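Colleague: Heads up: the protein sequence lines correspond to chains G and S, in order.
Quick note, in the numbering used here, the first sequence goes up one by one and the last residue is 325.
Quick note, in the numbering used here, the second sequence goes up one by one and the last residue is 618.
Note that these hints are calculated values from the structure, not bench results.
Every value quoted in this text rests on a predicted model; they were computed, and no experiment measured them.
For glycine and all other residues, C-beta sits at the position ideal for the given N, C-alpha and C.
Be a bit skeptical, because a hint or two may be false.
As the list claims (entries may be wrong) - Chain G residues, not near chain S, derived (Cβ > 10 Å throughout):
| # | residue |
| --- | --- |
| 1 | 9 |
| 2 | 29 |
| 3 | 68 |
| 4 | 85 |
| 5 | 103 |
| 6 | 105 |
| 7 | 133 |
| 8 | 134 |
| 9 | 143 |
| 10 | 234 |
| 11 | 256 |
| 12 | 261 |
| 13 | 270 |
| 14 | 286 |
What the hints assert, rightly or not - No farther apart than 25 Å at their CA atoms in a straight line, the calculated lysine to any residue pairs in the SDA-like style are these:
| # | chain 1 | residue 1 | chain 2 | residue 2 |
| --- | --- | --- | --- | --- |
| 15 | G | 318 | S | 461 |
| 16 | S | 497 | G | 87 |
| 17 | S | 525 | G | 128 |
| 18 | G | 306 | S | 491 |
| 19 | G | 306 | S | 495 |
| 20 | S | 461 | S | 504 |
| 21 | G | 295 | S | 605 |
| 22 | G | 263 | G | 196 |
| 23 | S | 497 | G | 92 |
| 24 | S | 497 | G | 90 |
| 25 | S | 340 | G | 289 |
| 26 | G | 10 | S | 499 |
| 27 | G | 83 | S | 491 |
| 28 | G | 225 | S | 487 |
| 29 | S | 340 | S | 397 |
| 30 | S | 421 | G | 239 |
| 31 | G | 315 | S | 441 |
| 32 | S | 495 | G | 94 |
| 33 | S | 421 | G | 144 |
| 34 | S | 497 | G | 76 |
Each chain, letter by letter, is given below.
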Amino acid sequence: MSTNKISTQKVNFKVFRFNADVDYLPYYENYTMDVTSEEVVLDVLNRIKWDHDGSFSYRRSCRHGICGACAIKVNGRSTLACKESMTTMVEYFGNEITLEPLSTKRAVKDMIIDKGDFWEKHAAATPYLVADIDECPSCENLVSPHDAEELDEADLCIQCGACHYACPVVEINSDFFGPAAFAAAYRFESDVRDNDKQRLIDVNEEKQGVWDCVKCFECAEVCPKDINPIDKITKLHQMAFKRGVAKNNVATRHAVGFLHSIKKHGMLDEGGLVLYSEGAHIVKHIPVALQMFRKGKIVMPWNMPKSDNLDEIQKLIKSSSTVKF
Amino acid sequence: MKKLKYALFTGCTAKQSTPEQMMSTMAVARKLDIELIELTEASCCGASHLQDYDDFLSLVLNARNIAYAEKHGLTMVTICNTCQLNTAMTKHRLDKNPELKARVNEKLSEVGLEYKGTSNVIHFLYAIIDDFGLDKIREMVVKPLSQFNIAPFYGCHNIRPSELHDESHKQKENPYNPTSLDDLIIACGGKNVDYEEKNKCCGFHVELQAPHTAAVLTGNAIAGATDNNADMMVTPCPLCHLKLDTQTKSASEAIGREVSLPVLHMQQMIGLALGCSAAELGLKHHVTEVNFI
Ligand code: SF4
Ligand code: SF4
Ligand code: SF4
Ligand code: SF4
Ligand code: FES
Chain G
1 MSTNKISTQK VNFKVFRFNA DVDYLPYYEN YTMDVTSEEV VLDVLNRIKW
51 DHDGSFSYRR SCRHGICGAC AIKVNGRSTL ACKESMTTMV EYFGNEITLE
101 PLSTKRAVKD MIIDKGDFWE KHAAATPYLV ADIDECPSCE NLVSPHDAEE
151 LDEADLCIQC GACHYACPVV EINSDFFGPA AFAAAYRFES DVRDNDKQRL
201 IDVNEEKQGV WDCVKCFECA EVCPKDINPI DKITKLHQMA FKRGVAKNNV
251 ATRHAVGFLH SIKKHGMLDE GGLVLYSEGA HIVKHIPVAL QMFRKGKIVM
301 PWNMPKSDNL DEIQKLIKSS STVKF
Chain S
326 MKKLKYALFT GCTAKQSTPE QMMSTMAVAR KLDIELIELT EASCCGASHL
376 QDYDDFLSLV LNARNIAYAE KHGLTMVTIC NTCQLNTAMT KHRLDKNPEL
426 KARVNEKLSE VGLEYKGTSN VIHFLYAIID DFGLDKIREM VVKPLSQFNI
476 APFYGCHNIR PSELHDESHK QKENPYNPTS LDDLIIACGG KNVDYEEKNK
526 CCGFHVELQA PHTAAVLTGN AIAGATDNNA DMMVTPCPLC HLKLDTQTKS
576 ASEAIGREVS LPVLHMQQMI GLALGCSAAE LGLKHHVTEV NFI
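So that you can see chain G by itself, here it is in the shape it has in the complex (with noise of 0.2 Å):
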């Protein structure tokens, strides 16, 4: 236990403020408070309640991370107000410190949005187990300790929201699944009991899947239970190819393209990899190439740098490969 003192300082917090049924336009509350090294950013939602305005709104229950009620952005980024340290975030940000939901876009009151397209997509990952299991089984369907480790703790999200919020792809794309959905489904794909056919089909579908994953790891980097939801989706990838339901589409072509790159030069061909992935496409390139061209960013293939001691490259190619296609 560490004894440190108590200690006391000002923070000026800058509040999104909007109740849908009253205003057109969300606007801002400034309150200054004192804030402990004791407290979380739920002690301070709650205060603005007690203290100063009873019409302010948020969502907590647990106060435990573990019902994932509470999740909002401070300073823009996606946290959980019960977990999250305010001398963590006066740290990272100063004391000049700004309270925002997860999605302004989809604001009800203050804190409280609209969570329907999380729910939606997470339903759509088909979030639970499908599997022939005895109604009345005589013993307990067990799974050995080394199988459950495959989960790789894809079973602690508490569909908090806070990676699918931080999402650059979700703010864009309305037809992309988002890390949590894609956790949930590795969740269910890693779990040796479950024979479900369509749920990895379903993830690898492009434009919703997780091709379009545009591999920030903000999803990573929120993450209040540690899930690394874009390692799950590295892993979907991954058995998109083991189980065969990888489809030959320009975005798994990309993926295979740096191997044949690889083997053949042990540099990346630049050039050689969108042909690849492109096929016939590739014209749609040519503008640009054209440009890249007449500027020297353009290396012609028989001027393409080869890795020296390219044999030994090529060897472990063959020695190491784990997956064909």
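Mind docking chain S with the ligands on chain G? Use the hints.
Modeller: For chain S with the ligands alone, coordinates are given in the frame of chain G:
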């Protein structure tokens, strides 16, 4: 101070579509008297895509690259955010999992190599900040960029996941409010521009499979910098550079607004401040012209 010496992992982009990045890296290293030994044996890191297909193979190839740096007994320096992510991630996974490391080494032994875990992997930006020091850069500036507002574009893979990056460099970066590139701009005499997209993603990695998403992200970034009075942007990542420099047309179409700004590689910015010529820094290789030189 002892002369700094590193093993340089150039990555593929510096050898192909961003020749100016290779030129300016070498020019800056000469100015700062940093010795860079190029790892000519290195393969592509797989750019975070090969691992989607074959994770184990990706580990083996990246471990091989690091093994060559270890052979030199040097810290590996990367000049691409995604190279940094993939290489440092490989190191992280192998160092904390002896069983996996043994499996990878079994393969590497077929070609007479071994991954030991003795070389650190660090992006050139942080090598400059941690080892060389911004104070020394400041002293060496002969042509400060004082007339310019410069918008830093950090690129995701140098700041997230923060836990990984905190292992490789001393400078602790807050992924929600990174400062290293801002500090570098100031050290070069420029004025750093604060804008919302500075730590956001440019969309590079889905350019082929999700072109609209990629274009919107690039457009938002350039628009954010423009609206905060930036004269130019600067980035430590050649992939971000490609996106911001060559894809302005699709980006403008996607966000319904004409956007375009000159974009410097971090090395070019340092080079300019230290008095390197435009030719040395390869400024003619930009698609969006660097019109202020
Ligand atoms: S890594 Fe992928 S899923 Fe995670 S936030 Fe970024 S785009 Fe979304
Ligand atoms: S993955 Fe993490 S951040 Fe996303 S919903 Fe689950 S617990 Fe929340
Ligand atoms: S990330 Fe890009 S530049 Fe770096 S090695 Fe991989 S392909 Fe090459
Ligand atoms: S900002 Fe763009 S290029 Fe840079 S790391 Fe992110 S996606 Fe890759
Ligand atoms: S109140 Fe339940 S997770 Fe915060």
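Colleague: Would you pick out the hints that fail for this structure and give their numbers low to high?
Modeller: 10, 11, 12, 13, 15, 17, 18, 19, 22
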